[in-house]
Amino acid sequence: MALPGKRTGLLPGGAAPVCVGPRKRAHAECRPAARVGLRQQHPAAGADTQEADVPVRPRLQGPHASAAGIPKTSRGEGLQRRGVPQAVGEVAGADEVVTGQERLRIERISKRFHGVVALEHVSFGVRTGEIHAVCGANGAGKSTLMKILVGIHAPDEGQIVLNGQPVTISGPRAARELGVDIVFQEIELPPNLSVADAIFLGREPVRCGGIQHGEIYRQASALLNSLAVPLQPHTLVEDLSAAGKQLTQIARALAARTQVLILDEPTSALTEHEVGRLFGILRALRERGTAIVYVSHRLEEIFRLADRVTVLRDGRLVATRRVAELTEGDLVRMMVGAEPAALPRKDGGCPDAVGIEPSGPPLLRIIGLTRGRQYRDVSFEVRAGEVVGMFGIVGAGRTEVARALFGLDPPDAGQIERDGRRLRLRSPAEAMRAGIGLVPEDRKLQGLLLEAGVRHNLSLAALDRLTHLGVVCARREHTLAAGAVTDLHIVTAGLDREAQDLSGGNQQKVVIGRWLARRPRLLILDEPTKGIDVAAKREVHALVRRLAAEGIGVLLITSELPEALSLSDRLLVLHAGRITATLDSRRATAEEVMRYAVGVGA
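Reminder that position 236 of the sequence shown reads as 223 in my numbering, one-by-one numbering, no gaps.
Derived by calculation from the structure, the hints in this document are not laboratory data.
Each statement offered as a hint is correct.
Computed spacing ranges between beta-carbons, pair by pair:
| id | residue 1 | residue 2 | range |
| --- | --- | --- | --- |
| 1 | P153 | D429 | 32 to 42 Å |
| 2 | I354 | G538 | 18 to 28 Å |
| 3 | E287 | G359 | 18 to 28 Å |
| 4 | D399 | Q487 | 34 to 44 Å |
In this text the structure is predicted, and so the values were computed from the model without any measurement.
Glycine residues also receive a C-beta, built at the ideal position from the N, C-alpha and C atoms.
Please take these sequences and the hints and turn them into a complete structure.
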């Protein structure tokens, strides 16, 4: 997500140029902190409480820490997770908990959107020289909390304490001026700038009214070298890989003397080698005293990198714990909690009732579908009258698979078959001719013509059946739209009412109704109940059951576990672009699904 102000590409002006050369590094970056003592025993795992500060052994500090504490990728990644002693000057593993003073504290933060609780009384602290992971299932409140920390959202209650002082963060610029910066999953940097110019954009060294370009490149080179970042200052941003853009963003934050660095799902687009390099840099920053907040759903990364972890669930704090005290199973249980309340199944009975099993040959067969790093070797089948659920944490590749099946982003490899015949879906038009429809995740941006009337939106997918000699028959269009409004119980003041004036639930029914007018064989529903109220959700759930009863194959993509388990016959679980499990939805548990979704397995 782009930060406000990114459109102009400008960072806060007026800040003094930052010198990060060798002579200034001890003052600008290396702030020694007292960390003397021994680790102590702590309460056993399971108590949902925060822990007290416990001192640990001293580490390298001062100007030499920058050189000795920055490992090359191979060195940093070669450290074992537990139980391996390290030579003096090597970066400590994640089990060596750094306990400095508390740099950042979040106190009873709450946030609501249109009456829906996103965060409720969340409190925890992040220490100097600590990598602090934040994890939780979809909808746990992680992104909302990070946006509050950088001023994109204002909290409804609670306060943020920085270096012991309560602060008000009115926006991203104010956050950066306070020393808090974030690297989002999707990074936007001006493509025509060099790496050096991007690092110092808005804070360029000036002399006699002119920008000192030579000084910019000298300082950028010194900063990149100090971080062991394999980037050249003169390289254009548009020529960088996703990892290169991310490292440029981190370097830019450090040039601004960032004290708290937040990374939101930073490895989603990186190769394993790039992940290793990033981890080496983050460990080096930890040695320098930077407080790092690492948001991720990839448990293997949390255990490999973090000192402590805070778990959120449904907008509430579950626990803040030392990573060394936990297992992956512990984290999964904290993320899921008790089994979610069951919804009625599509057969109308209880969740354990056995419905009519879809039979016959597959309507749609996917074999080995692959596209870059988005998804790999994806294979599954959908039968007529069957609801196949697809669940995964954000970034797992669910929407990307849906776009491939609708011809928006053709795969690099693999094949798609319908009724045993191979399809070549290179455009949405070809997918529609094959009887495939897609209700996209973002109905306002991708699913509706907001300023057009309900009638026009409902008829869009069936225009070829409503036209004669290239002219739309108004009478046929009106009949189609009126029938859909009655059939789907769409609440509207009239057929010409603009779609943007409808409620979220009625907007979603308009998008679904458009595809029903086309009479598809397979309908892909991507997050069909996202952003609609409880009553509207029930109506959409009933509609999904009805579609299956009418013999339509449904691929239901959802990030809500109760919805995934209750509406689907079979459930595909994705992690990092791969299907990690195919489960019987009637017998699967929330904990089992979440284990596969985070890559742990049963």
